[in-house]
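All letters in the sequence shown, in the order written, are residues 1 to 1277 by full-length UniProt numbering.
Worth double-checking, as some hints may not be accurate.
With a straight-line Cα cutoff of 27 Å, these simulated BS3-like cross-link-like pairs (lysine-lysine) come out [what the hints assert, rightly or not]: (1) Lys129 <-> Lys1200; (2) Lys143 <-> Lys178; (3) Lys1212 <-> Lys129.
For each label pair, taking beta carbons as the anchor points, the in silico distance ranges come out as [as the list claims (entries may be wrong)]: (4) Ser1008 <-> Asp451: 27 to 35 Å; (5) Ser1008 <-> Gly1254: 58 to 66 Å; (6) Lys316 <-> Leu99: 52 to 60 Å; (7) Thr21 <-> Lys79: 20 to 28 Å; (8) Thr107 <-> Asp170: 39 to 47 Å; (9) Arg1261 <-> Thr5: 50 to 58 Å.
Hints were generated in silico from the structure; no laboratory data involved.
Keep in mind it's a predicted model, so treat the numbers as computed, not measured.
Backbone N, C-alpha and C define an ideal beta-carbon position, used for all residues, glycine too.
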Amino acid sequence: MVPATSYNTQINSLLEKMESTDRDIRYMAINDLINILEKPKAQNQSSVSPDDILLGKMIDKCIRSIKDKIGEIQSHSIKFLVVLINQIKNQELFNKIFLPLTKDINTCGEGIRDAVVTALKSSVKEAVKQPITQDMKILPMLKAMLPILRSYIECEKFSQSYNFKVDILDIMIHIIKKIDACAEINSLLSLFFNLLENGKISMRKLAIVAISSSCESISSQTFDDVMNRLMSLLQTTSQPDALRIYVSAVISICKQNPKLLVPKVDMFMETFLRLVDEYDDDELKEAIITGFDVFISRCSRPMTRYIDEISQLCIKYIKHDPNYHDNVDEDTMETEDDGESSNESEDSYSDDEDYSWKVRKASTKCITTICTSKKDDVSGNISKFLAILISRIKEREENVRIEIIRGITNMFNNIRLSLSSELILFVQSETTKHKIYYNIDYEKMDSNEIDLLKKTYDRLDSLISGITKLLKTKHSKTKQTCFVLLKTLLLALPGCLSEYLKELVSNSIPLLLDKHLDIALKLEILNFIATSLQYSNIDSLPEVFEILIPVLGELISTNYFKIISEVISVSHNVIEALNIMKQIGHRYSEAPQFMDNVNKMDDYVFQMLKIGSKDQDVREKIIRTSGILVATLGDLIETKTMEILQIYVDNLSNESSRNVVLQSLTVIVKSSIKINLLPFLPKTLVYTGDFLKRNDRNLKIATLNFLVPLTGRFKSNGMQGQGLINTVKQIPQLITNNDFLISRLAFKFMTEVISYYPDQISEGLENLVRAFVEKTKSNLMQGQTVTAALEMISNIVKAPLANKPSNEELLSAVSLAVYNEVLNKQSLHTISKTVATILKANGSIDYAVTVVNSLSKHLSNPNCEIQIQQFVILTYGEVGRLFPEVFESPKINESPEVILLGALENSNEDIKSSASISIGHYVIGNITKNLPFLFSSLETNKNKQYLLLHALKEVITSKEMNDEALKVFQSKIPLIWNVLVDHAKCGEEGTRNVVAECMGRLAIIIPSKLIPQLTVLSNTDIPEMITTSMTAVRYILSFKHIDMDKYLIPVMEDILNKFQSNDTNVKRHAILTFNAAVNNRSKIVRPFLSTLLSLLYAETDVNESFIEIIEMGPFKHKIDKRIEIRKATFECMYALATNCIDSINVFEFLSHFEKGLTDEYEIKMLAYLMITRFINLCPSELHQRIEFFSPKIRSELQSKIKENASDAEKLKDEEIKKCAVRAVYSLRSLPGYENSKAIDDIKKYILEEQYLAGIYDTVTRETGSCVYISESTMETD
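Could you put the whole structure together from the sequences, leaning on the hints where they help?
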């Protein structure tokens, strides 16, 4: 590391050289300084940063060099200044840059002035990118610059310097966008309006940006003045060019501040509707129709009444082509012949004065926006717009044609969102669970849905005919957009292209084989073909195979990895389709061509597998595809199957491939085709033992996932040997691992080995039991891991194992910690379950009675420790649940009912809690016999009812609740319900949750009577009772398979009223209940959506009046009393985006969800998840909002966590940044977004920052194979 003194000496030396009379020395000194400051710290020779004194010297020298007479030095000095901006943390240093430069503009000569203005513009642009933490240092200085800059534009001295004024105005716009408000706003707006009315065209455009940027943070009164002035200009101006500028200003303001514009919409709409027909000026018409588009997307509510009129105008103007239409017949107006001659004539057509295409494009985009904003009326949109859009795909201008095709694509995407996935018919592979979606179930559809499909299918012939013609033209972008449309159509209406599929694939093949064709188009074609193989009628696929399969071999030989990757995806779907044909006995599977195609696919896959690939993604995909080939068609290609398996075994030594090889082997092992794996097992098991030793979580999981089904497949023969013994020896350390997924898989594997290979584990049995005992002490041991562990210990008891510990030794080992260590509650539960499991596995009632009687003696000992009493009581409950016959024995010393009810009288709360749970478990063991005991206890023990409710909850939510038990329940429901109501207002939330769960389960038994009772409870004045009733409703909603919608709709209407409650907890529960309804029964929510959304949107804002600052010594702690409500709100919005997107105005929804990007941690996480979700659901709408949420993403990435932050805070910061980077990666990877400047700038920033670049690399590896990338630059071998 270079010392600070040496670093300072180096800098000072270079600063002196900047004064040299030699221009080359000055230039190189500046260049060296830039290199020193730009180097990442990890690569720098020194970790020292320049202090403020040194930075001050560099700033002075840099500003002086900007005024150098040599142009190259000026430009390099400007670059140096931009680099310095990123180093500055002190406000004084910012002042040394901006104010001197601003004042120098007025004093220096014209040649130098241009350099100074460029330096000022570049430095301001860089400064406004600074993170929020720097704002307080920059903003005061930026505000101070505005009056000076304004004076330059107004100054007579610069009146003839047009380019100078443009640059100054550009600087002012950057400043205005950064600051919230300033005292100079009125005078600035006056200047901007003057430029808007009187400036040249480029100045007017900048004035529009300046006015709209100013409108982001002005008062409502000032905003009204601005809008009234614009309205006055629109009404008094008769020049189309000027009108277009003023319309554009209104549009720009609407984009920046739609909330304030809403009351003015009617006023501007009347004017716009008058102007669009009054003036025969295409550019003005385009601006007005664009205005309609923006108004609909930003101010949706007031625009509802204008939708029909705008729709008619768009239908009219989408055909607007006065320079072409008048002389040509409609049917032949813009068609393109199949031959090249028409393409040439089309390309030769040109009219620089013809702007009618802009009108047609704006009309198309407006139609798309209308369809998007009215997702709840998809059928109406289809009736109104689909025919006209299809008729216009003959459009002669390619950019308009592409917009039309995108509009049709958007309509089909809306159809996809409006139809339930439950309507789609499919056939599924038994081996891989791959599905082929072949049609829609008309029997489940209502009349509106059937009508929607009929309208769509009626237009398919004309649509496919038009697309087929376009595929024969030479317009690459048009063809690419066509394939996106076809893919969307398949996803929306599976099977709809079955009769056209052969023709479409035939037209695609020459494009794929064209070596000069754009790579992005080829990728889109392959993506469409892969989709068509999964979303078409099976009967249509054989003809496609005959065309497609011979071509795959040629495509495999390409050098482009991404092409190969997509070819593998197509091959995968071909193999799956062939397998399903074989599985269902399709007639094609009996034809000779079937076997020919199987052999061809085998050859292709084997060829790719054998050659391998330098690209990791391609290599993994081919291994997976070959695994599916063996698992599904391996019995038809036995020779190649053995060769593929040998390649797999050989690849287990390859670190980069072993995980995916194991996954493929797992699929093969689980296959219904019994592939002969015996020759490969010994060597494979040698590897598995080694893999389990390695510090690689994914490798361990893949290995265990392979071993579990393998042991079940080769029962008692094939796995025995040293390989299995060594593998088993690694299991104890995996069981004690803190990773519970690995532990669970290890337990499952050992359960199988103990059952089928008991002679192979004798060496490791002692360590295995010790590891199990250690694991039972974990406070995180629960759920599936406990179940797997208990299955293993049960098998140990039952299996004929050498050196097996006796039952007494097992029980002693398991329970020893209860007597010698302090255990947590969860450990006691696990140990008691283990004791009961050992007794049940042993099977001897007498032995179990002896153990239980021995345990019960502890309860009669007055000196017995609390922990031991808890353990005994919990064991009573578990034995009663698993082995109820024990308590029917006459040898039992004390009845469990007496023991457990007596424990409820104990003064210790833990013992009482354990007893209540154990009563429930005891009843579950013999539910029909023991239920009366529970009911009588509830009646007679009034003061213990709240404890017995926990027992009731255990019973009522158990799987053992059979029809006979329900009959017993029904007679006692009035009693139980009254008890539950009494405790519904309990102050302890845990008890209320138990009550709610019981109420919900009872309401499911008698919905007609009890669900209305929940409404009665929710209309009391007791907040606790209201929240309990809503929790019960959420429990009911989780039972999706029971039809109770007619009872729930009135309840949901009542809960909607609770959004107005002043009680924060009640409001939060209301939102949570609607969230549950949206996730589980979205149909009952739809009638309330308009009201619900407006209430949810109101909760997305941070209300400062509910934020309290608590001072704790030198620290300040912020408490947001409504944070939980906002969390629930954003969770509900996420659910709505997932389940009700077809009924939501997406533009309005997006404008509110964006607020979550600047909220607290949990809300930010949801907001970033929603961005990723919307990429798949409605990419076009999200694209229109990029300019609004991209600055928030950038701010998040630029934010720096404080140096003394805790580990938890650092982890949260890392997770948020990872979510932000993932959002940027997903956006950049989606077709249509790759050219977004806002996202591209963020990506560049990410790659410049070493820490963020590392995260980006991680995200790329994690999601690269899942996200479609549309780029024309491909890697080659």
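Now the hints, each set against the structure:
1. Lys129 <-> Lys1200: Within the cut-off at roughly 14 Å; holds.
2. Lys143 <-> Lys178: 10 Å, holds
3. Lys1212 <-> Lys129: 23 Å, holds
4. Ser1008 <-> Asp451: 27 to 35 Å: 34 Å, holds
5. Ser1008 <-> Gly1254: 58 to 66 Å: 60 Å, holds
6. Lys316 <-> Leu99: 52 to 60 Å: 56 Å, holds
7. Thr21 <-> Lys79: 20 to 28 Å: 22 Å, holds
8. Thr107 <-> Asp170: 39 to 47 Å: Hint violated: Cβ distance 21 Å, outside 39 to 47 Å.
9. Arg1261 <-> Thr5: 50 to 58 Å: 43 Å, violated
In summary, the numbered hints that this structure violates are 8, 9.
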